[in-house]
Structure formats: C-alpha cells, structure tokens
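Participant: Spelled out from the first residue to the last, the chains are:
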Amino acid sequence: MIQLLFFLLIGAALLSSLLFLVRRGGPRPEGDSRVLMDARRALDALQGGLLPHELVRRIFARDDLDYMVALALPKPVRDLFILERRKIALLWIAQVRTQVSSLKRFHVGAARSYAQLGLRTELELACDFAALLVACQALRFAVYVGGPYVAPRMVGATAAAAGKICAISEQSLAFLNPVQLKPLASGSLHS
Amino acid sequence: MHVNSSPKRMDVEEARQDLCRRTLSDIQRPLDRLIYLASMRDYNTGVYHHDGLASRFTEEVACEALADCHREAFRELVICPLDELVSQLDAYRSSTHTSPREFLTAWGRLEPYRVAVPVQTDPLSAEFLFSNFKIALAVLESQLDSRPAGPAA
Chain A
216 MIQLLFFLLI GAALLSSLLF LVRRGGPRPE GDSRVLMDAR RALDALQGGL
266 LPHELVRRIF ARDDLDYMVA LALPKPVRDL FILERRKIAL LWIAQVRTQV
316 SSLKRFHVGA ARSYAQLGLR TELELACDFA ALLVACQALR FAVYVGGPYV
366 APRMVGATAA AAGKICAISE QSLAFLNPVQ LKPLASGSLH S
Chain B
15 MHVNSSPKRM DVEEARQDLC RRTLSDIQRP LDRLIYLASM RDYNTGVYHH
65 DGLASRFTEE VACEALADCH REAFRELVIC PLDELVSQLD AYRSSTHTSP
115 REFLTAWGRL EPYRVAVPVQ TDPLSAEFLF SNFKIALAVL ESQLDSRPAG
165 PAA
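Listed in order, the protein sequences are those of chains A and B. Take any residue in the first sequence, note its place counting from 1, add 215, and you have its number in this note's numbering. Take any residue in the second sequence, note its place counting from 1, add 14, and you have its number in this note's numbering.
Since the hints were derived computationally from the structure, they do not count as laboratory data. As the structure is a computational prediction, the values presented were derived from the model and not from experiment. Careful: at least some of the hints might be erroneous.
[Claimed, not checked] Computed list of lysine-lysine pairs in DSSO-like fashion (alpha-carbon distance at most 30 angstroms, straight line):
1) 302/A with 379/A
2) 148/B with 302/A
3) 290/A with 302/A
4) 290/A with 22/B
[What the hints assert, rightly or not] Pulled from the structure, derived: some chain A residues nowhere near chain B, Cβ distances all over 12 angstroms:
5) 265
6) 274
7) 295
8) 298
9) 311
10) 355
11) 361
Virtual Cβ for every residue (Gly too), placed ideally from N, Cα, C.
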C-alpha cells in the first residue's frame, strides 16, 4: 500500500512537471512573433529616437535656461519655458520606461528561446532592468518636483543604463538582422 | 527605366548631392530648408515632387532624395539651441516680408510647423521641436512688446 502511494505520488509529480513544461515550453508562433516585433520596435525607438546623445543633451541643456534668464523676459514667458521643458523631460522618461519595459518582457518571455545568453549575463540583465526602471521612477519624481534641470547626473546615468540594455538586447535580436552575404569570388563559379 | 519600385541607394545619394549642390546650398538656415522641403511634399499622398530633379533622375529617386534632405533638416533643427531657433524664426519672418505681429499671431494660432515635419519622425523629437517653436514664438512676441512703438518691419 505504501509502495503504491509512493509510485502514485511520483506519477503525480511527473505529470504535473509535464503539464508545467507543456504550458511554459514550446514557442507559440503568434505570441512569440508579436513579442519579437515589439522588442525590435522598442529597440529601434530607443536607439533611433530616445537615446541619441545629442537629443538627450539638448532636452536637458542648461544653456537654453541660461539664454532665457539672460534675456530677462517677463515671468509668464519664463514659466512657459520651464513648463514646456518639464513636459518634454517627463515625456522622455515615460517613453524610455515604456520601451525598456517592452524589452524586459522580451527577455523574460522569449529571449531564452532565441539568444545564447549565459546565466551570469541574464542575472546581470535582470538587475539592470530592475535598477533602470527604479531610476526612471526616481527621475520622474525628481523632474516633476524640481523641474527639468534638477538631476543632470541621473539623466546621464539613466541614458547610459538604457544604452547598455540596448546593446545586450541588440545581441539577443541579432538573428532578426538580414544576413550579409559575401560576394562570390570571381573564380568560385568555376571551382 | 527603373524596374524596381524602391530606387537604388546610390542613385538616391547622387540625387541628394545634386539637390544640395543646386538648390539647398542657397538656403542656409535649417528652418528655411525644412519649410521648403515640406512644401515639396503632396499633403494628400506624402510624395515629394521636384520636376528638375525628377527629369535628371526618376520620380522615385527624386522623392527619396527630397525625403532624405527633409529628415536631415529636421534633425538639424531639433538639436539646435533655443537662441539659434529664435534667430532662425526671426530671420524667416523677415524673409516673408510679413509684419512681425501678423506673423506671430498666425504662427501662434495655426501652428504651421506641425505639418512641416517628415513622416515617420519619432514622436518625442517632433514634440520637442513643437515645444521649442512655442517658446521661440513667445520670446519673439515678448521682445516685440518691449520694443518702442514704431513702423512695422
């Protein structure tokens, strides 16, 4: 009786592991392709639109503020400037956060199926994602309360951390890039 | 005659250089170039037209070259400092021979810069440029208000 119970327990354990693997395992073409497309789009948005150094520098550039102060403009114009810059700064932070979250979903869900990332890299990446998302929230709070020029170092650190995540994600998504075929050597047709 | 629907990159690059050499070299300011190139685009189709360039190359190549230059002018303008944008806007206003007050009122109300951005521009860059235009208009308006009353420029 005890032996039967023992084997039944082993059987139940095996069956539940099998069910777990079936639910988690095989790539679902529709879901996976959507995650891949989202990740590719997020990467393009970050690298092409949100993280270029010149754009980030210009959004948070203090020389524009200095220019406005030097002009000695009426208060409503100066207020408009601060309001507009804060709006753009918050938009930048929100978009970086959204795109980074999209990349995180890809890494949590599908990256293991496609990318050859080591365990150490995956753990580092998980920490980087967590730190970056927390940094975005902290920066958002700082800009909301103190204005767009309150934390220039945090802006730099956030952009650098997002750039690092982009570089790792680029490797994970490299298989989507078109293969560059080498031109045939002139004698290769005759060999 | 081009069989492919998408023009060859080399042809586009050649057409782009031709456009820069013959036409855009006379338009120094990025703002003027942005407005000029946006005006080359059909609002209904999004296709750029330039008869001279199309006769030397093809319609497709000319369209791609114009789109490239439009994107470049936009990029230049997005990263230009605020003081430069204010100067460019003021210089553009002077070149239109419109009275400053009339120009500032029209630009403030109609926001024509919103239709001057290239397609597929990332939303943040576009919003940033619109925001800078809004500030630049406010600066010019404030400077106009502080000037002693006199004949319109």
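Participant: None of the hints should be skipped; say for each whether it holds.
Facilitator: Each hint, compared with the structure:
Our distance criterion of 30 angstroms between C-alpha atoms is met by residue 302/A and residue 379/A, whose separation comes to about 26 angstroms. For the hint linking residue 148/B to residue 302/A, the alpha-carbon distance of about 13 angstroms falls within 30 angstroms, and the restraint holds. With a C-alpha separation of about 18 angstroms, the suggested pairing of residue 290/A with residue 302/A holds against the 30 angstroms cut-off. With a C-alpha separation of about 53 angstroms, the suggested pair residue 290/A and residue 22/B falls outside the 30 angstroms cut-off, and the hint is violated.
Remark: the non-interface label on residue 265/A conflicts with the geometry, its nearest Cβ contact in chain B lying 6 angstroms away (cut-off 12 angstroms). Its beta-carbon lying about 6 angstroms from the closest one in chain B, residue 274/A breaks the requirement of being farther than 12 angstroms from that chain. Distance check for residue 295/A against chain B: the nearest CB is about 5 angstroms away, which does not clear 12 angstroms, and the non-interface claim fails. For residue 298/A, the shortest C-beta to C-beta distance to chain B comes to about 9 angstroms, within the 12 angstroms cut-off, and the non-interface label is violated.
A beta-carbon of chain B comes within 12 angstroms of the beta-carbon of residue 311/A; the shortest separation is about 9 angstroms. Look at residue 355/A: its CB is around 15 angstroms from the nearest CB on chain B, clear of 12 angstroms, so calling it non-interface holds up. For residue 361/A, the shortest C-beta to C-beta distance to chain B comes to about 19 angstroms, beyond the 12 angstroms cut-off, and the non-interface label holds.
Checked against the numbered hints given earlier, the structure breaks hints 4, 5, 6, 7, 8, 9 and satisfies all the rest.
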